[in-house]
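Visitor: Chains as they are written, first to last, in the working numbering: chain A, 1 to 285; chain B, 286 to 410.
Everything labelled a hint here was simulated from the structure, so no lab data went into it.
Some hints here could point you the wrong way.
[What the hints assert, rightly or not] Below, a list of computed lysine to aspartate or glutamate pairs in the EDC-like style, where the Cα atoms sit at most 16 angstroms apart:
1. B:Lys-330 - A:Glu-168
2. B:Lys-338 - A:Glu-175
3. B:Lys-294 - A:Glu-267
4. B:Lys-351 - B:Glu-317
5. A:Lys-96 - A:Asp-106
6. B:Lys-330 - A:Glu-190
7. B:Lys-294 - A:Asp-106
8. B:Lys-338 - A:Asp-106
9. B:Lys-294 - A:Asp-189
10. B:Lys-294 - A:Glu-112
11. B:Lys-338 - A:Asp-217
12. B:Lys-370 - B:Glu-292
13. B:Lys-330 - A:Glu-172
14. B:Lys-294 - A:Glu-211
15. B:Lys-330 - A:Glu-175
16. A:Lys-96 - A:Glu-112
17. B:Lys-384 - A:Glu-261
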Amino acid sequence: MKIEVKQLSKGYRGKTALNNVSFTLEEPKIYGLLGRNGAGKTTFMDILSGNITATSGEILIDGENPFDNQRLTESICLIKEGNNFPKDLKVKNVLKIFSYFYPTWDQQLADELIEEYNLVPNAKVKQLSKGMESALGVIVGMASKAPVTIFDEPYIGLDAAARKKFYELLLEEYEAEKRTIIFSTHLIDEVSLLFEEVLILQEGSLVLKEEADRLRDHCYAVSGTIEKVEAFISGKTVIKKKQLAGMMTAYLYGGWTEAREIGLQVEGVPIQDLMIYLTERKKEA
Amino acid sequence: MKNSLDENKPIFLQIKEQLEDSIMNDSIQAGERVPSTNEFAAFYKINPATAAKGINELVNEAILVKRRGVGMFVTEDAKEILIEKRRKTFYENYMLPLKNEARKLRIGEKELLEMVEREEPVDEN
Chain A
1 MKIEVKQLSK GYRGKTALNN VSFTLEEPKI YGLLGRNGAG KTTFMDILSG NITATSGEIL
61 IDGENPFDNQ RLTESICLIK EGNNFPKDLK VKNVLKIFSY FYPTWDQQLA DELIEEYNLV
121 PNAKVKQLSK GMESALGVIV GMASKAPVTI FDEPYIGLDA AARKKFYELL LEEYEAEKRT
181 IIFSTHLIDE VSLLFEEVLI LQEGSLVLKE EADRLRDHCY AVSGTIEKVE AFISGKTVIK
241 KKQLAGMMTA YLYGGWTEAR EIGLQVEGVP IQDLMIYLTE RKKEA
Chain B
286 MKNSLDENKP IFLQIKEQLE DSIMNDSIQA GERVPSTNEF AAFYKINPAT AAKGINELVN
346 EAILVKRRGV GMFVTEDAKE ILIEKRRKTF YENYMLPLKN EARKLRIGEK ELLEMVEREE
406 PVDEN
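Generate the whole structure from the sequences, applying the supplied hints.
Guide: Spelled out as structure tokens, the structure:
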């Protein structure tokens with residue numbers, strides 16, 4: 001499904017959560033939506049899933065607004081970090097309700113996952129541990145097979161092994177059937193290899209939207225003596241620089257062959273670090 | 286096969302280089318099938334599109350060939366093509382850093398040449 005975000009803004013009581021954000025997600029891919037706390041990620045995902053309306057601008061999914069639009073909401077599944085399900089419902093009834101809601105629901109997958117994550121079908125949601133409740137979210141998100149599936153920090157309380165299982169599952173399902181998966185998380189190092197494209201929000205604005213592998217190729221750190229590095233970076237956009245003992249490292253975006261030719265040391269920058277430097281820089285400016 | 290990938294470098298490039306290395310050291314031979322996109326994705330937990338990009342570049346370079354419905358296979362000329370390709374970058378990838386370091390260590394041309402000629406056991410890799 002094509003997702004068009006047009007000049008999207010949202011304010012809460014005078015505070016701006018999203019400020020004139022525009023971009024298009026053309027294809028079913030695994031997208032990483034990153035940003036610091038309060039960057040506007042959750043607000044964006046809430047508008048996308050039709051839970052709330054924008055103050056101005058709009059999101060169109062296949063040309064339609066998702067708010068109060070049943071045909072569309074059946075195709076969108078948003079799993080948040082908690083309180084996804086009514087506390088008094090039993091696990092098996094949660095699954096039943098969602099199976100009625102999503103025409104694409106995969107009951108067999110849901111059953112397999114209930115077993116995999118050791119959930120008791122007759123337990124009530126309020127009896128589940130944090131990790132178990134997160135597992136239930138993951139199960140619903142995966143089994144919904146919704147063409148647009150959104151995970152907003154879905155795994156509070158899930159241990160490392162259960163998270164790994166979730167990543168494997170996500171890839172398996174994605175390979176079997178391409179769908180748009182939007183994944184927001186702070187555990188970037190763990191999942192950045194899954195992303196095909198990365199979006200970074202900072203204080204309500206989109207600061208970056210790029211193919212993940214292009215980022216790894218274009219974002220780099222050069223190190224060498226201070227004079228050499230200073231000479232190389234002059235006139236270029238520097239994301240961050242630091243120095244120690246006469247040596248300097250600068251983080252830049254662009255082509256790096258030139259730097260290597262003049263004898264500077266060139267290294268790639270992991271997406272997690274890039275996110276940190278990019279969002280730091282905005283604050284200082 | 287590496288156990289994990291390096292986050293600092295494009296992933297498709299690492300997939301590509303890994304296949305190239307396997308072909309170079311004969312662990313995958315001409316005519317043999319290489320792992321599929323999905324096998325790479327599952328092994329490293331990476332996005333399948335990224336793995337596909339690395340594999341497709343090798344197809345474009347005629348190092349791999351796609352047989353519809355069966356998979357990707359190493360071409361007859363794969364190793365020759367790779368040797369040719371690596372010879373082209375040998376100077377900048379190996380000689381240049383070597384000479385730079387030698388200069389820093391004040392190792393002269395003569396001493397360097399002596400080292401080149403020194404005999405040592407052959408490294409199989």
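Visitor: Please go over all the hints and tell whether each is borne out by the structure.
Guide: Hints versus structure:
no.: 1; hint: B:Lys-330 - A:Glu-168; in the structure: holds (7 angstroms)
no.: 2; hint: B:Lys-338 - A:Glu-175; in the structure: holds (15 angstroms)
no.: 3; hint: B:Lys-294 - A:Glu-267; in the structure: holds (8 angstroms)
no.: 4; hint: B:Lys-351 - B:Glu-317; in the structure: holds (12 angstroms)
no.: 5; hint: A:Lys-96 - A:Asp-106; in the structure: holds (11 angstroms)
no.: 6; hint: B:Lys-330 - A:Glu-190; in the structure: holds (10 angstroms)
no.: 7; hint: B:Lys-294 - A:Asp-106; in the structure: violated (37 angstroms)
no.: 8; hint: B:Lys-338 - A:Asp-106; in the structure: violated (30 angstroms)
no.: 9; hint: B:Lys-294 - A:Asp-189; in the structure: holds (14 angstroms)
no.: 10; hint: B:Lys-294 - A:Glu-112; in the structure: violated (36 angstroms)
no.: 11; hint: B:Lys-338 - A:Asp-217; in the structure: holds (14 angstroms)
no.: 12; hint: B:Lys-370 - B:Glu-292; in the structure: violated (25 angstroms)
no.: 13; hint: B:Lys-330 - A:Glu-172; in the structure: holds (10 angstroms)
no.: 14; hint: B:Lys-294 - A:Glu-211; in the structure: holds (13 angstroms)
no.: 15; hint: B:Lys-330 - A:Glu-175; in the structure: holds (12 angstroms)
no.: 16; hint: A:Lys-96 - A:Glu-112; in the structure: holds (15 angstroms)
no.: 17; hint: B:Lys-384 - A:Glu-261; in the structure: holds (13 angstroms)
Hints 7, 8, 10, 12 from the earlier list are contradicted by this structure; the remaining hints agree with it.
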